[in-house]
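Novice: Each chain is listed here by its residues.
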Amino acid sequence: MPGLPTSIDLDECIERLYRKELLAEPVIEAVCAKTKELLMKESNVVHIMAPVTVVGDIHGQFFDLLEIFRIGGFCPDTNYLFLGDYVDRGLFSVETISLLVCLKLRYPHRVHLIRGNHESRGVTQSYGFYTECARKYGNANVWHYFTDMFDYLTLSVVINDEIFCVHGGLSPSIHSLDQIKIIDRFREIPHEGPMADLVWSDPDPERDEFSLSPRGAGYTFGAQVVRKFLEVNKMSHILRAHQLCNEGYQILFDDRLSTVWSAPNYCYRCGNLASVLEVSDNMERFFNIFDAAPENDIHRSEQQAQQNRDSQPVIDYFL
Amino acid sequence: MVEERIMNSRSAPAVPPTMHAAVYPTKRPQEISVQGFRISTQKLPILKADPIEEMTRKLGIAPPEMIFGDNYVMIEHEKSGWGINFNSFDALDRVDKTGQSMLQVAYSKEWQKSREKTHEGIKEVVKPFDWSYSTDYMGTLSPKAPPFEETSDPIPIELLTRPDPILFFDEVVLYEDELADNGIAMLSCKIRVMPERLLLLTRFFMRLDNVLIRLRDTRVYVDFATREVIREYQSKECEYEKVRQTLANTRGDVPALMRDANRLSEILPLVEKRSERVVLDG
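For the record, the sequence lines run as chains A and B. 1 is the number of the first residue of the first sequence in the working numbering; add one for each residue after it. 1 is the number of the first residue of the second sequence in the working numbering; add one for each residue after it.
If you are wondering where the hints come from, they were derived from the structure by calculation, not from laboratory data. None of the hints are false.
Cβ-to-Cβ under 7 Å is the rule here; a few derived chain B residues that face chain A:
hint, residue
1, E65
2, V105
3, R115
4, H119
5, L160
6, F169
Lysine-lysine pairs mimicking DSSO-like chemistry, simulated, CA-CA at most 30 Å apart:
hint, chain 1, residue 1, chain 2, residue 2
7, B, K127, B, K48
8, B, K113, A, K181
9, B, K97, B, K236
10, A, K228, A, K181
11, B, K190, B, K58
12, B, K190, B, K97
13, B, K97, B, K242
14, B, K127, A, K228
15, B, K97, B, K109
16, B, K109, A, K181
17, A, K36, A, K20
18, B, K113, A, K228
Beta-carbon label-pair distances, calculated as ranges:
hint, chain 1, residue 1, chain 2, residue 2, range
19, B, G99, A, E37, 44 to 50 Å
20, B, L59, A, L319, 28 to 34 Å
21, A, A140, B, K242, 25 to 31 Å
22, A, A140, B, Q35, 51 to 57 Å
23, B, D50, A, Q125, 36 to 42 Å
24, B, E158, A, R70, 52 to 58 Å
25, A, T6, B, S114, 43 to 49 Å
Ideal Cβ positions, reconstructed from N, Cα and C, are used throughout, including at glycine.
Bound conformation, chain B alone (with noise of 0.2 Å):
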């Protein structure tokens, strides 16, 4: 840091701060193999303003406030060349860059209609684009990866509610944005691995204070021994004054609750579920 510091011609401060480690979440990709999958993730800060640019400039929107583009969370099948990756850029490369399904902010009604008089020549919105980047994405899959078929054959939930011991656990975010103090928007990932089995979550989670609130659920399990991949996508939403008023006869903390996304998940009524299967060469 000692160089960022000085960056300037101007000579450092009389007394010079101490220096510290950093202490942010940063961290080198991490890894472990089980049964021929490789499962890798990395952690890392923010991106800086050049790589930022960069992104805008390839995705052709303004990308979210918090922008973890180094982030991603991977599963390899080494032996059929199947794999899979959740990465930030995918995902907002499926965000809606045409402003169709773009949402409004509670108050922007009035905000328009008090505004109109004074400042009419001021009309024009810079490149519409759903700025709540909502995604339908269901991660990356390997060049080589063989495809995947429609099933009706549900996750076994039954195997995953098991105390099996968790050899490997993470959580990464991919972004965030706090939709300019008008709700949250966050796309994350956790993954656990046992010794037979994992399961992926990638959840989508907005929140748009007094208009909407959607989840968006990626579920990706794998049989090790099988080598059966089940991949479930599951959208759910619902106007936020439903949901507050559902939550309000119950006895919890509303506020607290309309944070929770797994509280939520349980009251949100269903708009769309997919699954489909692959059996991955031995």
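Excised from the complex, chain A in its bound form (with noise of 0.2 Å):
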């Protein structure tokens, strides 16, 4: 596998985003192409050990993704997995999702990537990615770099033979893990099948089956699919992410099932907490659990006009 042009050294890209700065464009072009050749490589089943810290949601929210590695040690003193939904909505999706990149290139085997629902062409247009890419860089070339590269994140990755982890959940057209491993994940990802429900299901409390979402497409999986998957794969927990908690967390189905929720203040005005799990080397969880950084204040006046509401509302004559 040919090595990175020798003109881009990594160390100093990752001290550079570390600092909020921009990569040049074909910088992202390079690291961009050489990610996708490892991510190739992985199984859409990624096997891993602990221990590991695990982050849910990030869209774009950079000063809360440096804040996560404060609280919970960078890398590669700590291993990290994340579930995907690293870009959209917050006001840095170019720099969140380009650190990650070239943390997973650096550290390939202590920084795994799983894909969202928002790590596709069709959804980052709608939802603030590609206007981010189109701003920052004047053209949308590196936005094609990112979500080309998208293709290839991995769908899944289990932990010490225990502990599922996904972006959203579970489908009706799987029951093994042998069934995620033939799906054909190079691609945009489809509206149906079981690469879509995979990044895009979510649990149901009060079901015990699969059932269809009220919205005419997608569904939600209730406790006695969590179960039977469980027993099935001879696993013992669900990781996911996707769906937003105010504490930060949030613990289903007898502890079977967990959604760990990581951008604090979510849209600079939820005022929701946020967490990361921990899973330490005897596979104990804990819910490492953070606020809003500071940074963010430094922000203010661009989140208002981004978002166009806040505590300190714009005043007008509005009719």
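Work from the hints to combine the two standalone chains into their complex.
Specialist: Below, the structure written as structure tokens:
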């Protein structure tokens, strides 16, 4: 496998990104191309070992990502598993995904990235990442490099053969891990089928089985589905992200499933807490809870401009 | 936050994380009194899991993803006992809970078709309801409020376009949902209080991508001196594609305009309009 161009020093890229500096367009192109080669070799079900710190949705909240490293430890001292939804909605999707991709390349066995429903061309065109790329680079090239790379992200990770990790949830088409392994994942996230379900579905604690979403597309999965999936695959827990929780996490189905949410004060206005889940050597799970990073305050006016509302709303003579 | 970080029996990390003051937009109630009218607002974070569960039980439907259940905007007139407040529970209680006016996402047909072969067993939609959270909520009146009467009197725009000083201004979101990344539904209130009058606008805005755009505005106008209150409700909606085509003929950035409720309000056709008024006892 050919290396990165000699002009690109990954450690330097990571240093710059920690300072929130953007990488040049050709650097992003090379880094994404290299990451693709790396990801291509990963299975749809990647097996890793604890200890590992698991991170839920970040959504471009770059300062809060840095806060996660301050709280949970920096790479490579702490192993990380990110559950997807790196981009859209926040102000710094480009910086966030640039840093995560560089860390993945630099420490491929200590950093793992799962695909979320926002790692897609369709969704990022509506929810901010496309616009942010075009604004920060003056064209959409960087968006193309990143979204082409997204097609290679894995769909699931298993920790110590015990914890199944995925962005959204289970699918009626999937009973065993082998059925995930045969999905042709190197593509845009489809609207239907097992690949869509893995990144989109939600648990429903009131139900036992799969149900149709009232939206006319997608499933929710209930207690029996979770129990059976774990039994068939000889695992003890499902760990996913995808849904906002005010407390930063939520545990359902008699501790058989947890949701981890890592974007504090989501969209700069929800006031929610966030967490990362630390899985220790002996498979104990600990939610490390955190609040929005203080640096977010510096960008108050930008947040207001983007979100168009805040605690100090812009006074206008509306009619 | 210290106690929450160390909630399990496990010890705190070796290097304790720094503690920060909350930076989220949390505020105690804010208020102002002008000529016998008291105006107050409250903005707090989204609800926690337990209150959400309770709300779900009381409403009979799952609340939106971002539910600001403690937020409100309130106008009260002490002397007459009149008062109106805007809160998320009462607004959501007016959402269709039967599924009769249920919309479907743009790719629903395609989805249904492709899935039928494999999972015919899964037929059930869990408690169908209007998941777009469309509401015709016009506010909650105090029990003692004298009734409104229908009127053709419009809200006096000319008095509201004057640059009178604004004594009090707030914008309060009551709920918001991203429709599982198929658009947006949001209910929010804006209020501005001038020395002689106030205007409140509660707006429900819903964009279901490639399907529909819907806007429902409730305006409350109060003239402090005459104690006249006018409440006006307007509902507008249009197919998504028609709106997109209309905007494509202008020179603007179409995706940005499709997110701009003010701009959309100018081009969406009117579906329904109602006006009513009441003069309060001094």
